[in-house]
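From first to last, the protein sequence lines are chains H and V.
When the letters of the first sequence are read in order and numbered with this note's numbering, they come out as residues 110 to 178.
When the letters of the second sequence are read in order and numbered with this note's numbering, they come out as residues 3 to 135.
Hints were generated in silico from the structure; no laboratory data involved.
Beta carbons are placed, not taken as given, at the ideal position from N, Cα and C, and that holds for glycine.
Treat each hint with caution, since some may be false.
Some chain V residues close to chain H (C-beta under 10 angstroms, calculated; not the full set) [said to hold, decoys possible]:
hint	residue
1	CYS32
2	ALA37
3	ASP38
4	MET58
5	VAL81
6	ARG82
7	ASP84
8	LEU90
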Amino acid sequence: MKKLLGRLVILGAVVGGAVAVGGYLRGGAAATDVAHVTFDDGSSISFASNTPEGEEFADIARKLVEMGV
Amino acid sequence: MTEREKVGSGGDLDRALADLRALSGDMASCAVLSADGVLLSSSHGEGVDRERAAAMLAAAANLAERAARREGKEHVAQVRVDAEDGHLLLVRLEGGGTLAAATAKDARVGLVLYDMRNARAGIEGATKAGGRS
Numbered sequence: 110m111k112k113l114l115g116r117l118v119i120l121g122a123v124v125g126g127a128v129a130v131g132g133y134l135r136g137g138a139a140a141t142d143v144a145h146v147t148f149d150d151g152s153s154i155s156f157a158s159n160t161p162e163g164e165e166f167a168d169i170a171r172k173l174v175e176m177g178v
Numbered sequence: 003m004t005e006r007e008k009v010g011s012g013g014d015l016d017r018a019l020a021d022l023r024a025l026s027g028d029m030a031s032c033a034v035l036s037a038d039g040v041l042l043s044s045s046h047g048e049g050v051d052r053e054r055a056a057a058m059l060a061a062a063a064n065l066a067e068r069a070a071r072r073e074g075k076e077h078v079a080q081v082r083v084d085a086e087d088g089h090l091l092l093v094r095l096e097g098g099g100t101l102a103a104a105t106a107k108d109a110r111v112g113l114v115l116y117d118m119r120n121a122r123a124g125i126e127g128a129t130k131a132g133g134r135s
């Protein structure tokens, strides 16, 4: 019984590790900050390229940079 | 009625934008949008769809203001968006208008934003002189 539990723990750790590494690699490749908004009180917020706001900002910026403002 | 006619003479504002572009060499183009989304002045060349440019600038400004409201802030001061081929920069003007600029990818963006912030008072003055905000 002890041996079985030990194996289950090891299997869980291996599977969990694989899922974590996969998530890190997928997220690391996509998530770069594309938009930086500074507020009137001096604070700021950044939007990554994989967020709806970041995508929308990046899409608008790409078109405006291409055609000129 | 053309966009230029709607603005009126626009001379002071055009001059202020021309001065800003002359000062900030890394700036590819710049424009001023009123609080109600009208393109008051722009440095872009002939053939560019001004209404489309105005609509996209207004969308970017609205998106930023939405972010401000969601974060519990009063207003946005400036926005920097990094695109594949360059950067879009927005600086909020008094009254809700927007000073916008586009730069190339390798531009010194911090310097351009600094120049935009420094030019803001003059542009606000020129905008008010033209009777718009």
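Okay, the hints, checked on the actual structure:
no., hint, verdict
1, CYS32, "holds, 6 angstroms"
2, ALA37, "violated, 15 angstroms"
3, ASP38, "violated, 18 angstroms"
4, MET58, "holds, 5 angstroms"
5, VAL81, "holds, 5 angstroms"
6, ARG82, "holds, 5 angstroms"
7, ASP84, "holds, 5 angstroms"
8, LEU90, "holds, 4 angstroms"
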